[in-house]
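Participant: The primary structure of each chain is shown beneath.
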Amino acid sequence: RKEVEQDPGPFNVPEGATVAFNCTYSNSASQSFFWYRQDCRKEPKLLMSVYSSGNEDGRFTAQLNRASQYISLLIRDSKLSDSATYLCVVMGQAGTALIFGKGTTLSVSS
Amino acid sequence: GAVVSQHPSWVICKSGTSVKIECRSLDFQATTMFWYRQFPKQSLMLMATSNEGSKATYEQGVEKDKFLINHASLTLSTLTVTSAHPEDSSFYICSANSGGTYNEQFFGPGTRLTVL
Numbered sequence: 001r002k003e004v005e006q007d008p009g010p011f012n013v014p015e016g017a018t019v020a021f022n023c024t025y026s027n028s029a030s031q032s033f034f035w036y037r038q039d040c041r042k043e044p045k046l047l048m049s050v051y052s053s054g055n056e057d058g059r060f061t062a063q064l065n066r067a068s069q070y071i072s073l074l075i076r077d078s079k080l081s082d083s084a085t086y087l088c089v090v091m092g093q094a095g096t097a098l099i100f101g102k103g104t105t106l107s108v109s110s
Numbered sequence: 111g112a113v114v115s116q117h118p119s120w121v122i123c124k125s126g127t128s129v130k131i132e133c134r135s136l137d138f139q140a141t142t143m144f145w146y147r148q149f150p151k152q153s154l155m156l157m158a159t160s161n162e163g164s165k166a167t168y169e170q171g172v173e174k175d176k177f178l179i180n181h182a183s184l185t186l187s188t189l190t191v192t193s194a195h196p197e198d199s200s201f202y203i204c205s206a207n208s209g210g211t212y213n214e215q216f217f218g219p220g221t222r223l224t225v226l
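Protein sequence lines, in the order shown, are assigned to chains A and B. Each step along the first sequence adds one to the number in the numbering used here, with nothing skipped, and position 103 is 103. Each step along the second sequence adds one to the number in the numbering used here, with nothing skipped, and position 31 is 141.
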């Protein structure tokens, strides 16, 4: 089983749509969780950290379920500029390397 | 967020040459930096963990004699790809832990290496 698994993509949605990405992780000792965004041929950029209580940042909402080892990202009112690959990322102990999922590609069209 | 720079952003070299890539944390100190590699349409894969003042820790399958890592200061780590071959062509990205509350890591812009 892969350490971090994500929904297979691509997701093709129209502008204004709501889209949800799911992710599961295998190491129950993981401590930190993130969603990163990666544009084509660019480095990943932190989109948001994922907290146990769930958190929201504008149109983006992240949820964490430690019991199920499941992480989600909800994007509301999709914009063309949201088109990118979204990476589910997990960290073990503080300061250790990140473990990346393969990413899910989102394409928002007008 | 914290800023990490990488240099060069791209390099083309002949087979057999060595290439050095620099990773700098510009506004914070990083005792640990990480080097990743990403092949087309694949996820980032950790190559090694670079520790300031000590030897790097390499992931299984990554040759330490081929990918030399030096972390001489709290703001600089270098990765040298020795005797590069076409199969080493990839996107190399470094990251550093900012030490924030949730241990966010910030990435350099990456170096695209093409070996002819």
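Honestly, the hints are just simulated from the structure, not real lab data. Be aware that a few hints might be false.
[Unchecked claim] Sample of chain B residues lacking proximity to chain A, with all beta carbon distances greater than 12 Å (derived):
{"id": "1", "residue": "Met157"}
{"id": "2", "residue": "Ala182"}
{"id": "3", "residue": "Thr192"}
{"id": "4", "residue": "Glu197"}
{"id": "5", "residue": "Asp198"}
{"id": "6", "residue": "Cys204"}
{"id": "7", "residue": "Glu214"}
{"id": "8", "residue": "Val225"}
[Stated by the list, open to error] Subject to a maximum C-alpha distance of 35 Å in a straight line, what follows is the list of computed DSBU-like cross-link-like pairs (lysine-lysine):
{"id": "9", "chain 1": "A", "residue 1": "Lys102", "chain 2": "A", "residue 2": "Lys42"}
{"id": "10", "chain 1": "A", "residue 1": "Lys79", "chain 2": "B", "residue 2": "Lys130"}
{"id": "11", "chain 1": "A", "residue 1": "Lys79", "chain 2": "B", "residue 2": "Lys151"}
{"id": "12", "chain 1": "A", "residue 1": "Lys45", "chain 2": "B", "residue 2": "Lys176"}
{"id": "13", "chain 1": "A", "residue 1": "Lys2", "chain 2": "B", "residue 2": "Lys174"}
{"id": "14", "chain 1": "A", "residue 1": "Lys45", "chain 2": "B", "residue 2": "Lys151"}
{"id": "15", "chain 1": "B", "residue 1": "Lys176", "chain 2": "B", "residue 2": "Lys130"}
{"id": "16", "chain 1": "B", "residue 1": "Lys124", "chain 2": "B", "residue 2": "Lys151"}
{"id": "17", "chain 1": "B", "residue 1": "Lys174", "chain 2": "B", "residue 2": "Lys130"}
{"id": "18", "chain 1": "A", "residue 1": "Lys2", "chain 2": "A", "residue 2": "Lys79"}
{"id": "19", "chain 1": "A", "residue 1": "Lys45", "chain 2": "B", "residue 2": "Lys124"}
{"id": "20", "chain 1": "B", "residue 1": "Lys124", "chain 2": "A", "residue 2": "Lys79"}
{"id": "21", "chain 1": "B", "residue 1": "Lys124", "chain 2": "B", "residue 2": "Lys174"}
{"id": "22", "chain 1": "B", "residue 1": "Lys176", "chain 2": "B", "residue 2": "Lys165"}
{"id": "23", "chain 1": "B", "residue 1": "Lys174", "chain 2": "A", "residue 2": "Lys79"}
{"id": "24", "chain 1": "B", "residue 1": "Lys165", "chain 2": "A", "residue 2": "Lys79"}
{"id": "25", "chain 1": "A", "residue 1": "Lys2", "chain 2": "B", "residue 2": "Lys151"}
{"id": "26", "chain 1": "A", "residue 1": "Lys42", "chain 2": "A", "residue 2": "Lys2"}
{"id": "27", "chain 1": "B", "residue 1": "Lys174", "chain 2": "A", "residue 2": "Lys45"}
{"id": "28", "chain 1": "A", "residue 1": "Lys2", "chain 2": "B", "residue 2": "Lys130"}
{"id": "29", "chain 1": "A", "residue 1": "Lys42", "chain 2": "B", "residue 2": "Lys130"}
{"id": "30", "chain 1": "B", "residue 1": "Lys165", "chain 2": "B", "residue 2": "Lys124"}
{"id": "31", "chain 1": "B", "residue 1": "Lys151", "chain 2": "A", "residue 2": "Lys102"}
{"id": "32", "chain 1": "A", "residue 1": "Lys102", "chain 2": "B", "residue 2": "Lys130"}
{"id": "33", "chain 1": "A", "residue 1": "Lys102", "chain 2": "A", "residue 2": "Lys79"}
{"id": "34", "chain 1": "A", "residue 1": "Lys79", "chain 2": "B", "residue 2": "Lys176"}
{"id": "35", "chain 1": "A", "residue 1": "Lys102", "chain 2": "A", "residue 2": "Lys45"}
From a predicted model like this one, the values you see are computed outputs, not experimental measurements. Beta carbons: idealized from backbone N, C-alpha and C, even for Gly.
Participant: Does each hint fit the structure? Answer for all of them.
Facilitator: Here is how each hint holds up against the structure:
Its beta-carbon lying about 10 Å from the closest one in chain A, B:Met157 breaks the requirement of being farther than 12 Å from that chain. Taking the minimum C-beta to C-beta distance to chain A, about 19 Å, the non-interface status of B:Ala182 holds against the 12 Å cut. No beta-carbon of chain A comes within 12 Å of the beta-carbon of B:Thr192; the shortest separation is about 22 Å. The non-interface label for B:Glu197 is consistent with chain A: the shortest C-beta to C-beta separation is roughly 20 Å, beyond 12 Å.
For B:Asp198, the condition that its CB be more than 12 Å from all CB atoms of chain A holds, with the nearest at approximately 18 Å. Not every CB of chain A is more than 12 Å from the CB of B:Cys204 (nearest about 9 Å), against its label as outside the interface. The beta carbon of B:Glu214 is not kept farther than 12 Å from every beta carbon of chain A, the shortest such distance being approximately 6 Å. Against chain A, the non-interface label of B:Val225 holds: every CB pair exceeds 12 Å, the least being about 18 Å.
At roughly 15 Å between alpha-carbon atoms, A:Lys102 and A:Lys42 fall within 35 Å of each other, so this suggested pair holds. Between A:Lys79 and B:Lys130 the alpha-carbon distance is near 39 Å, which puts this suggested pair outside the 35 Å criterion. At most 35 Å may separate the alpha-carbon atoms for a hinted pair to count; A:Lys79 and B:Lys151 meet this at roughly 23 Å. Restraint check: the Cα-Cα separation between A:Lys45 and B:Lys176 comes to about 28 Å, which is no more than 35 Å; the hinted pair holds.
Straight-line distance between C-alpha atoms of A:Lys2 and B:Lys174 comes to about 25 Å, which keeps the hinted pair within the 35 Å bound. Annotation: proposed proximity of A:Lys45 to B:Lys151 holds, straight-line Cα distance about 17 Å (limit 35 Å). Simply put, B:Lys176 and B:Lys130 have alpha-carbon atoms about 12 Å apart, close enough for the 35 Å limit, and the pair holds. Restraint check: the Cα-Cα separation between B:Lys124 and B:Lys151 comes to about 24 Å, which is no more than 35 Å; the hinted pair holds.
Between B:Lys174 and B:Lys130, the direct Cα distance comes to roughly 14 Å. Compliance with the 35 Å bound is thereby established for this hinted pair. Simply put, A:Lys2 and A:Lys79 have alpha-carbon atoms about 31 Å apart, close enough for the 35 Å limit, and the pair holds. A C-alpha spacing of about 31 Å is found between A:Lys45 and B:Lys124, which places the hinted pair at or below 35 Å, so the restraint holds. For the hint linking B:Lys124 to A:Lys79, the alpha-carbon distance of about 42 Å lies beyond 35 Å, and the restraint is violated.
Note on B:Lys124 and B:Lys174: the hinted pairing holds, with a Cα-Cα distance of about 21 Å set against a maximum of 35 Å. In summary, the hint linking B:Lys176 to B:Lys165 is supported, as the alpha carbons are separated by about 14 Å, within the 35 Å threshold. For the suggested pair B:Lys174 and A:Lys79, the alpha carbons sit about 44 Å apart, so the restraint of at most 35 Å is broken. Distance hint between B:Lys165 and A:Lys79 is unfulfilled; the C-alpha atoms sit about 45 Å from each other, more than 35 Å.
Proposed proximity of A:Lys2 and B:Lys151 is supported: the alpha carbons are some 17 Å apart, at most 35 Å. Taken as a hint, the A:Lys42 and A:Lys2 pair is honoured in the structure, with Cα atoms around 24 Å apart against an allowance of 35 Å. At roughly 28 Å between alpha-carbon atoms, B:Lys174 and A:Lys45 fall within 35 Å of each other, so this suggested pair holds. Restraint check: the Cα-Cα separation between A:Lys2 and B:Lys130 comes to about 32 Å, which is no more than 35 Å; the hinted pair holds.
Note on A:Lys42 and B:Lys130: the hinted pairing holds, with a Cα-Cα distance of about 20 Å set against a maximum of 35 Å. Taking the CA atoms of B:Lys165 and B:Lys124, the gap is about 28 Å. The hint holds against a cut of 35 Å. A C-alpha spacing of about 9 Å is found between B:Lys151 and A:Lys102, which places the hinted pair at or below 35 Å, so the restraint holds. With a C-alpha separation of about 27 Å, the suggested pair A:Lys102 and B:Lys130 falls inside the 35 Å cut-off, and the hint holds.
Distance hint between A:Lys102 and A:Lys79 is fulfilled; the C-alpha atoms sit about 23 Å from each other, no more than 35 Å. Between A:Lys79 and B:Lys176, the direct Cα distance comes to roughly 43 Å. Violation of the 35 Å bound is thereby established for this hinted pair. Restraint check for A:Lys102 and A:Lys45: the C-alpha separation of about 15 Å stays at or below 35 Å, so the hint holds.
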